[in-house]
Amino acid sequence: MAVIIAILVIIVLIIGIIVGIYNTLIAMIEAVRNNERQIDIQLDRRYKVFESLINVVKNYMDYERSTLKDVVSLRNQALSAKAQGDTAGAMAAENKISGILSGLNVVFEQYPDLKANQNALQLQEEIVNTENKLAFAKQAYNDSVERYNAKKKSFFQAMIVQMFAGKLDFNFLYWQLGSPEDIKKREDYTVKM
Amino acid sequence: MVIGVFILLYIGLGFLIDLIINAEKYPQAPLGVISQALATGHLIPYATFITTGIAIISLWVTYAFYDKLMLLGVEYHEVTATNAKNLLEKQLYNTIEEMQVAAGLKYTPRVFIIEANYMNAFASGYSEKSAMVAITRGLLEKLDRAEIQAVMAHELSHIRHLDIKLTLTASVLANLTLIVIDVLFYGVLFGGGRRGREREGGNWLLIAIVILRYLLPLITVLLMLFLSRTREYMADAGAVELMRDNEPLARALLKIQNDYDGHQSEYADDYRRTPHEQVRREAYIFDPTTAGISPKQASSDFFSTHPNILKRLAAIGFNK
Numbered sequence: 001m002a003v004i005i006a007i008l009v010i011i012v013l014i015i016g017i018i019v020g021i022y023n024t025l026i027a028m029i030e031a032v033r034n035n036e037r038q039i040d041i042q043l044d045r046r047y048k049v050f051e052s053l054i055n056v057v058k059n060y061m062d063y064e065r066s067t068l069k070d071v072v073s074l075r076n077q078a079l080s081a082k083a084q085g086d087t088a089g090a091m092a093a094e095n096k097i098s099g100i101l102s103g104l105n106v107v108f109e110q111y112p113d114l115k116a117n118q119n120a121l122q123l124q125e126e127i128v129n130t131e132n133k134l135a136f137a138k139q140a141y142n143d144s145v146e147r148y149n150a151k152k153k154s155f156f157q158a159m160i161v162q163m164f165a166g167k168l169d170f171n172f173l174y175w176q177l178g179s180p181e182d183i184k185k186r187e188d189y190t191v192k193m
Numbered sequence: 001m002v003i004g005v006f007i008l009l010y011i012g013l014g015f016l017i018d019l020i021i022n023a024e025k026y027p028q029a030p031l032g033v034i035s036q037a038l039a040t041g042h043l044i045p046y047a048t049f050i051t052t053g054i055a056i057i058s059l060w061v062t063y064a065f066y067d068k069l070m071l072l073g074v075e076y077h078e079v080t081a082t083n084a085k086n087l088l089e090k091q092l093y094n095t096i097e098e099m100q101v102a103a104g105l106k107y108t109p110r111v112f113i114i115e116a117n118y119m120n121a122f123a124s125g126y127s128e129k130s131a132m133v134a135i136t137r138g139l140l141e142k143l144d145r146a147e148i149q150a151v152m153a154h155e156l157s158h159i160r161h162l163d164i165k166l167t168l169t170a171s172v173l174a175n176l177t178l179i180v181i182d183v184l185f186y187g188v189l190f191g192g193g194r195r196g197r198e199r200e201g202g203n204w205l206l207i208a209i210v211i212l213r214y215l216l217p218l219i220t221v222l223l224m225l226f227l228s229r230t231r232e233y234m235a236d237a238g239a240v241e242l243m244r245d246n247e248p249l250a251r252a253l254l255k256i257q258n259d260y261d262g263h264q265s266e267y268a269d270d271y272r273r274t275p276h277e278q279v280r281r282e283a284y285i286f287d288p289t290t291a292g293i294s295p296k297q298a299s300s301d302f303f304s305t306h307p308n309i310l311k312r313l314a315a316i317g318f319n320k
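Here the protein sequences come in this chain order: A and B.
Residue numbers for the first sequence follow my numbering, beginning at 1 and rising by one.
Residue numbers for the second sequence follow my numbering, beginning at 1 and rising by one.
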């Protein structure tokens, strides 16, 4: 009787351990999958952010270019009017320039960070942030693959993985650069100014 | 483990109160019998229940209002993804999001900026879901992007290791323990006159209380120090793990240390003028007392909540 109970207890214990390992591995597999998608999310984000940044910059630069053109032509008008002794015409042109500039000021006040220097810094920050997030997403993915692989291949776990190979055995690839040429290219890369 | 010791200490204290109450009720019974009766439920340990209830309520309140509590007495504002006022604040929020991605955390903590010149930061909260990090204006302005990122990686590691909850719980229990033993001590001191002096056991209890009154503060302090120091090392290691680089964290720690050395008296005033600074002490990335800033001037390495800066640098493998 006592022997049967002992055997039963041992069996229950073993089943418990197997269930525990199974659940842990499943959680790890899902974590890896989620982290894989996280890379996609960051790639998607990068695409969208950069697209909208480019548009903003384009619009802003167009605006600046046309404003500058307006100012230059008005300035020429004013100068030529002055040369011809047409003070009223010169005044009118100068007033128009002031109008444009005050309009520009309004734009600046609406977007206090739209000053050229600040703008570049912000752009840089946005790019750094986006690229960092992408890199960290890849890092997190590789970390989770490592954790899963280590668990899967360790003793005892490996036996259970064999028992449920269809559900527990996956071969996730580490994120890495593809071909040797690709790696070489990046290794040799230097900044050219 | 440390939390277990705190809980045991606290429950033991409640039990002691029960013992005292019942020793008064049944002057004839020896203490051993009373404690046995209490432990087996023949006598209901009301005081233990009451003190435990108080502990549960205060823990609950702390968990619910941790953000308000931790920011007591300072001027602060919250930074979100959309309301960053300038590039620095935006950068701060971005670095936190980056480290969140690296750590695989599912929630972004709330971010607060404390308007103060000294350089410090801390994390707090109940879980990953309801966590916060706070950083002083001084830190934000004096560190570069990588260094802020390292500090945030340190704080997020605290969140990831659930140190935030541990520290909150431990400090609440420690404070309660001290309050209870104080109440007990003065109660016995001033109210003990009517107790029968002839009783042997009563004297033993009295002695125990007096000893505990002076021993417990020491024990709680040592436990808290052990807790926060090991956790600091772990968070430093976690930060390096997330960054894959120990240099930014080392630079940040050195900058903070140098900054403190340079502005010691000024910052000491700042800290002293800030009410409720004690609640943040264990949570800070950098313990002001290690820089000799403390109301009591007890600034030896032994009583600091954080390890010595050189030891921290050595632990993350950075040798200057």
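Hints listed in this document are in silico derivations from the structure and should not be mistaken for laboratory results.
There could be a bad hint or two in this list.
[Unchecked claim] Computed list of lysine-lysine pairs in DSS-like fashion (alpha-carbon distance at most 25 Å, straight line): (1) K129/B x K68/B; (2) K255/B x K142/B; (3) K255/B x K48/A; (4) K311/B x K142/B; (5) K68/B x K151/A; (6) K48/A x K85/B.
[As the list claims (entries may be wrong)] Which stretches of chain B does chain A cover? Using the computed rule of at least three CB atoms under 8 Å from a CB of chain A, they are: (7) 80 to 91; (8) 96 to 103.
For every residue, glycine included, the Cβ atom is placed at its ideal position computed from N, Cα and C.
Checklist entry - Honestly, which of those hints from before does the structure not fit? => result Checked against the structure, the hints that fail are numbers 3 and 5, while the rest are satisfied.
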